[in-house]
Amino acid sequence: MAVGPASIARPAPVAGRPITLRGLLEREGVFSWIMLTPGVLFLLAFVAYPFFYGIFLSLEEHPVARAGRFVGFANFVILAHDGVFWQVTRNTFMYVAVTTVFKLLGGFAMALVMNQSFRGRNLTRAFLLLPFIVPTALSTVAWMWILDPTFSIVNWLLVHGGVITSGYSWLGNASLAMWSLIVVNTWRGMPFYGITLLAGLQTISPDLYEAAAIDGATTTQRFLYVTLPVIKPVLIIVTMFSVIFTFGDFQLIYALTHGGPANATHVFSTWAFDIGMSGGQLGMGAAVALAILPALVVLIVGLTIYLRRE
Amino acid sequence: MTSRRDFVTVTLAAVGGALAPRWAGAAPKAMSVVHESSFIKAFDDFFVQKLAPEYEKLTGIKINYEPVSVGSMLTRLTTIVETKAGPEIVATGVNWPYLFDAGLVDVTDVANEVGKKLGGWHDNIYDAVVVNRKWKAIPWGNIGQLEVYRTDWFKEVGVNKFPDTREDLLAAGRLLKKKGHPFGFELGHGFGDNHGWLYPLLWSYGGREVDKDGKTVLIDSSETAKAVDFCRKFYQETMLEDVLGWTDVNNNRAFLAEQISCTNNAMSILIVAKRDFPEIGKVTDHGLNPQGPKGRFHLFNVQSHAIAAHAPDQAAAKAFLRWLYDDKQLSAWLVAGDAYYAPFLHGYDNHPMWNADPRYLPYKDCLRTSRLHAWPGPAGHQASESVAKYVLVDMFAKACRGDSTKDVIATAAAQLKQIYKAK
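If you read the sequences in order, they're chains A and B.
The opening residue of the first sequence carries number 17 in my numbering; numbering runs sequentially from there.
The opening residue of the second sequence carries number 781 in my numbering; numbering runs sequentially from there.
Fair warning: there could be bad hints in the mix.
What the hints assert, rightly or not - With the C-beta cut set under 8 Å, the calculated list includes, among others, these residues of chain A facing chain B:
| hint | residue |
| --- | --- |
| 1 | Ala-64 |
| 2 | Ala-190 |
| 3 | Ser-191 |
| 4 | Met-293 |
No lab work stands behind these hints, which were simulated from the structure alone.
From the three backbone atoms N, C-alpha and C, an ideal C-beta is built for every residue, glycine too.
Chain A with its partners taken away, still in its complex shape (with noise of 0.2 Å):
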């Protein structure tokens, strides 16, 4: 059969055109929709549904294996009378702030050290990202290892260089293990901010920093001046998911310590584990874990309206 070609034949009018497939994708309403139902299914399948699971099973006593019966904010008010609640909650809170603090700091250092020129930048850049790339579980193995009493290198390094006589006990002191824990997690999470600060450092024109040093700037002046507000909008961003991610931090924490010793390390998500999952309590650990909740949202919330203000 013989088909004249595409170009020659004329195109139809407007008006009265048949919808075919190809007029279909043309139509950018329709094109963006069909690009984002993937997506859009695949967060209302493994993010919406388990959330708003998560807030219906909150609302009851539900027993593992048995029918859940409502009681509305019921776990809520139980959770407000416990003590080891309060103290979660305070372990949560300090944790998520002591890290951020580390963690920002350090990362900034490290992202400005590396927006510098020098031999084998890239190698180090590398390296500097591994505490990212190598999975939790085992980077968390190798750190057992280094606190555990009896093999730590930690303390055979204080002890045979004399610093003390014997071994801390780093994961079985309250005190220490909650220090130990915010360690490790600084060390896992700093190449986050390092290479996603380093990224918005090699945004800024070296034309600011010459206009700059020309009107007589000093260093921190640059800094102050320059790279700190140009890169103001990443560094909230960085922080806001990193937030985010150490409110939820588990493995860490449940490899090392399993929240003890006494519940000095147990978090909102390794408890609510520990309640939902061992206990079979399932409605009290969903409680637990979006007892998070209202500290994200004024976080999310408050960051979000400032960002649009910027």
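Given chain A's structure and the hints, the job is docking chain B onto it.
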């Protein structure tokens, strides 16, 4: 027959009727069993390499074996029962038949048959697997938690036999710590070795978490206070500070690194020592938990098989369990397990597996004095919540780190009252 339509209807009904029993009774092509990975590799291997292929040869049903890492079985079981999906035959531990009662099939018929064939079940096993007079799981063995100690170091301080009372053990521990061989009993948030010695400690002083009715919280008592005071002394005078943060791997590691002279553990330390550290293996032995003023106790860790309610063919799953718990299979499987699992069947009280090493025998002897965590309270959801929240472990741990006896008991009592909805 009046019409073609009637003819077709009747014919189809007849053919369907003839085939239906065959379809309904058709054996499944495969079934799955989920288990916590055994510390004894040979136990898992025996199932995969010997039992499963043998059953497939016999019936044509393939048995898939899904091992779950140690300590993760409860999470896996929660997921299976809640989603009603996954393996049809599930392993259970401690009080889980109570916890998952509604999600498990009644296996009373199989349990009765097995009991009749193999000399009858031990009396106290009913507390662990019979829920509302229905067997919800069939136990194959107990992973006992006993005292594991270094015979050579104990001898060095003049203790030739494992101490029979708590005070004697404390006295031995004092001497051993002075000699640089402290004790190491887990007080952190592990899943087993902490509960393994702390519940028996409480009971041996007469303390109880909750009464039989499951409503009266009994923890606030002078007996509990005595147990707490003993624990603090025991910790301060015999142990390393680090035990407060230990999980289940730490005491095994410390014992095998010759850092501690005594701990409370399953038989895994001796088994690993015999295999990997034969010199340590030669000087490692087991003792029953020492007696307190109110007796000697051990913690149950009952390992059983249950059938999940979502199993598409429950009859086939029961048939497999009947075959598995037949003496021919079960006996050989337990031998492969190297006496790590102490069976609850009187027919196996003198099983040849106990002759392999006299050091295994205390794990058989402890069955008589073993109880579930919440004993004498009911083994239901509240018991699990208390265990998951480490109420008892933390009560003792806080006392060891220096909190007052009164405070730690008050905190535990408040938590237990909330869990048991008691006033």
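**Message:** Under the constraints set out in the numbered hints, which ones does this structure not fulfil?
**Reply:** 1 and 3
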